[in-house]
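Visitor: Below, each chain spelled out in residue letters.
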Amino acid sequence: MKLYNVKLLTITCEILAQKNIMEILTKHEITGYTIYEVNGNGARGIRGQGLQNEKNVKIEIILREEKLQDIVEEVSRTLFANFAIVLYVSDVGVLRTEKF
Amino acid sequence: MDILQLIQSNLLTPIILFFLFGIIAARIKSDLKIPAAISEFLPLYLLAAIGLHGGLEMRNTGFENMLIPMLVAIGLSLLFTLNHYQILRRLGKFNIFDSYALASTYGAVGAVTFSVGLSFLKNQGVTSEGYLAAVLAVLEPVAFIMAIFLTNMAVSKQIRIKKQSFTNDSKSDIDVGINETKTKLSKILHESITGKAIVILLGSIVIGYIIGEDGFSSIKIVFDEMFTGAIVIFMIEMGIIAGQRLDDIKKVGIFLIAFAIIMPTFNGIIGVVVATLMGLSLGGSVMFGLLLASASFIAAPAVLRNAIPQANPSLYITSALGITFPYNIIVLLPLMFAVSSLLHNPEGSIDLFNYGLKDLI
Chain A
0 MKLYNVKLLT ITCEILAQKN IMEILTKHEI TGYTIYEVNG NGARGIRGQG LQNEKNVKIE
60 IILREEKLQD IVEEVSRTLF ANFAIVLYVS DVGVLRTEKF
Chain B
0 MDILQLIQSN LLTPIILFFL FGIIAARIKS DLKIPAAISE FLPLYLLAAI GLHGGLEMRN
60 TGFENMLIPM LVAIGLSLLF TLNHYQILRR LGKFNIFDSY ALASTYGAVG AVTFSVGLSF
120 LKNQGVTSEG YLAAVLAVLE PVAFIMAIFL TNMAVSKQIR IKKQSFTNDS KSDIDVGINE
180 TKTKLSKILH ESITGKAIVI LLGSIVIGYI IGEDGFSSIK IVFDEMFTGA IVIFMIEMGI
240 IAGQRLDDIK KVGIFLIAFA IIMPTFNGII GVVVATLMGL SLGGSVMFGL LLASASFIAA
300 PAVLRNAIPQ ANPSLYITSA LGITFPYNII VLLPLMFAVS SLLHNPEGSI DLFNYGLKDL
360 I
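One line per chain: the protein sequences are A and B, in this order. With numbering that gives the first Met the number 0 as the guide, the letters of the first sequence map in order to residues 0 to 99. With numbering that gives the first Met the number 0 as the guide, the letters of the second sequence map in order to residues 0 to 360.
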């Protein structure tokens, strides 16, 4: 079995920042991602209770390294200051590299 | 003291009791909560019921007399938003983003508050003009759009000033910034008008208008008789969320606490007086005042978080939901009712119990 190296970008953020992230992804022609609603605790306190608008989402995007840099740069420039957001990158292996 | 009695009897209605119960449940750290799907569904249900009723009433009364109250409401809402901004910015020393966000939260309308108002009037045996539902729909985005527009103006102005201080370099970056702001505004306009609250409200008004009393009778059990019960369930959820935020109230500061009580009172009473002058009924004047007094706490975060992300959301959510909403439904609603009764029957005293009795007989 041959695994190809690609990157996994994980962004956990407040649900109201989701739209902004989607726009950035579309702009960089990323079409595949997975989103789930989550809750947790962090610098902005316990999140995910109460109003729907105060929930958090976790967005996972598998992508090639070339696009990663620009996306991470844009997310951090436009969203870090005003939104509850955590972003990290990991190495993952995939079988069908042509999908990403 | 008639007003005090009115407030007291209002306190013992199921809506208020369940709201207070929700607060207590949150304070004792109970794990009681309304399932998420239901608490998302209930505001939509309330809006649909309000819309259907409005549509029905409008079919009976026609729209001719709707135009002036609607334009006056829009005018007052814009005026109040500007007024809030000046007070918050100059007296409260809030930054420009928080000031605009708070100003528009208080300039906007609360659909839940509106539902509670309708139910309060029903309890008193008083009706209100149906077209106020249409005013609610139109008023919903007005304050936000203006606040967002003004914020973007202020931001682009700052960017331009900075641009002039740079002599020649990094021009392109700044131009991009200004253009981004402009596209953002048109997108937000589109989003707030096509937002779920307005769409369901307007859709229900149109459907209510088309189906009339005959068509409505088949769905009456859901959209009329269950209305107050549904509010009660939603009030548990509102109480829990407000209860969880009680600690945050200390953080918003004494100025904002005072603002969150004084401004709605001021706006609401003016609303009642203006509505009476326009010839609205006793109940209609109360609802008109409530439209202007209420603050938005469901629509506001969704709109403002994207439009003015720099503003601190806990300020406007906590003050609108934790202070103004309870104050409005517990104290201000009976107060406005008393004022409206006085204005509509100048010679008689406030005979609220007669309204209740009339209903029973």
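Hints listed in this document are in silico derivations from the structure and should not be mistaken for laboratory results. There may be inaccurate statements among the hints.
Unchecked claim - Listed below are the simulated BS3-like cross-link pairs for lysine-lysine, each with C-alpha atoms no more than 27 Å apart in a straight line:
#	chain 1	residue 1	chain 2	residue 2
1	B	Lys183	A	Lys66
2	B	Lys183	A	Lys54
3	A	Lys18	B	Lys195
4	B	Lys32	B	Lys250
5	A	Lys18	B	Lys28
6	B	Lys183	A	Lys26
7	B	Lys28	A	Lys54
8	B	Lys32	A	Lys57
9	B	Lys183	A	Lys18
10	B	Lys121	B	Lys183
11	A	Lys54	B	Lys161
12	B	Lys249	A	Lys54
13	A	Lys26	A	Lys6
14	A	Lys54	B	Lys121
15	A	Lys57	B	Lys195
16	B	Lys32	A	Lys54
17	A	Lys1	A	Lys26
Predicted model, so just to flag it, every value in this text is computed and none were measured.
Visitor: Compare the structure with each hint and give your call.
Guide: Outcome of the hint check:
{"no.": "1", "hint": "B/Lys183 x A/Lys66", "in the structure": "24 Å, holds"}
{"no.": "2", "hint": "B/Lys183 x A/Lys54", "in the structure": "23 Å, holds"}
{"no.": "3", "hint": "A/Lys18 x B/Lys195", "in the structure": "16 Å, holds"}
{"no.": "4", "hint": "B/Lys32 x B/Lys250", "in the structure": "25 Å, holds"}
{"no.": "5", "hint": "A/Lys18 x B/Lys28", "in the structure": "33 Å, violated"}
{"no.": "6", "hint": "B/Lys183 x A/Lys26", "in the structure": "15 Å, holds"}
{"no.": "7", "hint": "B/Lys28 x A/Lys54", "in the structure": "19 Å, holds"}
{"no.": "8", "hint": "B/Lys32 x A/Lys57", "in the structure": "23 Å, holds"}
{"no.": "9", "hint": "B/Lys183 x A/Lys18", "in the structure": "12 Å, holds"}
{"no.": "10", "hint": "B/Lys121 x B/Lys183", "in the structure": "42 Å, violated"}
{"no.": "11", "hint": "A/Lys54 x B/Lys161", "in the structure": "36 Å, violated"}
{"no.": "12", "hint": "B/Lys249 x A/Lys54", "in the structure": "23 Å, holds"}
{"no.": "13", "hint": "A/Lys26 x A/Lys6", "in the structure": "18 Å, holds"}
{"no.": "14", "hint": "A/Lys54 x B/Lys121", "in the structure": "35 Å, violated"}
{"no.": "15", "hint": "A/Lys57 x B/Lys195", "in the structure": "24 Å, holds"}
{"no.": "16", "hint": "B/Lys32 x A/Lys54", "in the structure": "15 Å, holds"}
{"no.": "17", "hint": "A/Lys1 x A/Lys26", "in the structure": "31 Å, violated"}
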